[in-house]
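Can you build the whole structure from these sequences, using the hints too?
As numbered in the working numbering, residues 298 to 591 make up the sequence shown, in order.
Simulated from the structure, these hints should not be mistaken for laboratory data. Check each hint, because a few of them may be wrong.
[As the list claims (entries may be wrong)] Below are the DSS-like pairs computed for lysine-lysine, each with C-alpha atoms no more than 30 Å apart in a straight line:
#1 LYS346 / LYS406
#2 LYS346 / LYS382
#3 LYS484 / LYS337
#4 LYS346 / LYS513
#5 LYS406 / LYS557
#6 LYS327 / LYS504
#7 LYS403 / LYS477
#8 LYS531 / LYS346
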Amino acid sequence: LHTCINQTFKDIEIIVVDDCGEDKSIAIAKEYAKQDSRIKIIHNHENLKLLRARYEGVKAASSPYIMFLDPDDYLELDACETCIKILNDEDELDFIWFDFIYDTGKNLKKDNFLEDKYLSIVEYCEYILTQKDISYWNLCSKIIKTDVYKKAFLCIENLNIKLNMAEDALIYFFIVLNSKIVVTSSKFIYFYFKNSQSYVNTNDILKIEESLDDEKKVIMILSSFLKSNRCLNKHIIAFLKIMIMQLKINKLSREVKQYKLKYCYILYKYKKIINSICSKYYFINKFFITKHIL
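So, in structure tokens, the structure goes:
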């Protein structure tokens with residue numbers, strides 16, 4: 298929050314969504330809100346998970362453009378000022394995508410894959426499809442027109458699903474579908490903190506299973522949409538096919554991780570049992586041999 302409050306461009310809204318978390322984040326946010334009238338806290342009545350929790354924040358926004366900031370991440374202090382300069386220079390942008398920096402807790406790693414470009418949505422799809430190893434559906438480091446985001450959410454609202462994983466891929470496709478003009482920027486404004494406890498990086502088997510279930514739902518939704526909308530622009534269709542393929546690869550990687558963790562746990566349990574049997578055998582043998590000699 299301190300990187301939001303201390304932005305060089307001051308005319309901003311800071312919306313915090315309380316999604317019934319169990320940590321002390323909202324208590325901290327309330328303390329900040331006492332000192333800064335720009336902070337608005339939205340309280341959900343139940344845990345809506347990331348997809349719908351974000352939308353609750355968007356509905357409360359009065360600005361024509363929005364940016365998302367995850368709790369562990371932070372911004373350059375001139376992030377909003379950089380965005381405003383681009384928005385003032387270009388008319389009717391639907392979203393801007395900036396490069397971002399990985400914070401591992403030990404060092405910072407820059408992702409230098411974006412160029413400064415003004416693109417139609419067809420050109421944008423072509424540009425993305427020619428890039429390698431690009432996590433293009435992350436909502437972090439993107440500035441999105443509020444109306445475009447709302448239109449995108451309307452495309453999936455009747456599905457009534459709650460998601461913590463792959464939710465950004467789902468909403469992002471429909472953002473692209475409802476966009477006309479995009480700017481990509483090589484500037485760095487967003488720091489992405491790699492949290493080992495997040496759904497993306499966790500080794501918690503229950504969280505991995507939940508993530509796999511979410512990814513399966515998203516793949517089914519996008520595959521069904523593709524099957525029902527073959528008349529879309531060929532670039533959009535190619536874009537969507539690649540997204541679905543990458544989601545399947547991500548899901549497969551997570552399944553491998555799940556099997557490894559379960560396999561290691563089973564090995565650990567067997568090892569404990571075998572060690573226990575060996576110990577008993579050793580003491581029984583020792584007692585028997587000693588008694589026999591006596």
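Structure-based check of each hint:
For the hint linking LYS346 to LYS406, the alpha-carbon distance of about 29 Å falls within 30 Å, and the restraint holds. Distance check on the hinted pair: LYS346 and LYS382 sit about 33 Å apart at the alpha-carbon level, beyond 30 Å; violated. Between LYS484 and LYS337 the CA atoms are separated by roughly 28 Å; this keeps the pair inside 30 Å, and the hint holds. As the CA atoms of LYS346 and LYS513 are separated by approximately 16 Å, the hinted pair is consistent with the 30 Å bound.
Taking the CA atoms of LYS406 and LYS557, the gap is near 28 Å; set against the 30 Å cutoff, the hint holds. Restraint check: the Cα-Cα separation between LYS327 and LYS504 comes to about 29 Å, which is no more than 30 Å; the hinted pair holds. Between LYS403 and LYS477 the CA atoms are separated by roughly 39 Å; this puts the pair beyond 30 Å, and the hint is violated. Distance restraint check for LYS531 and LYS346: the Cα-Cα separation of roughly 33 Å exceeds the 30 Å cut-off, and the hinted pair is therefore not satisfied.
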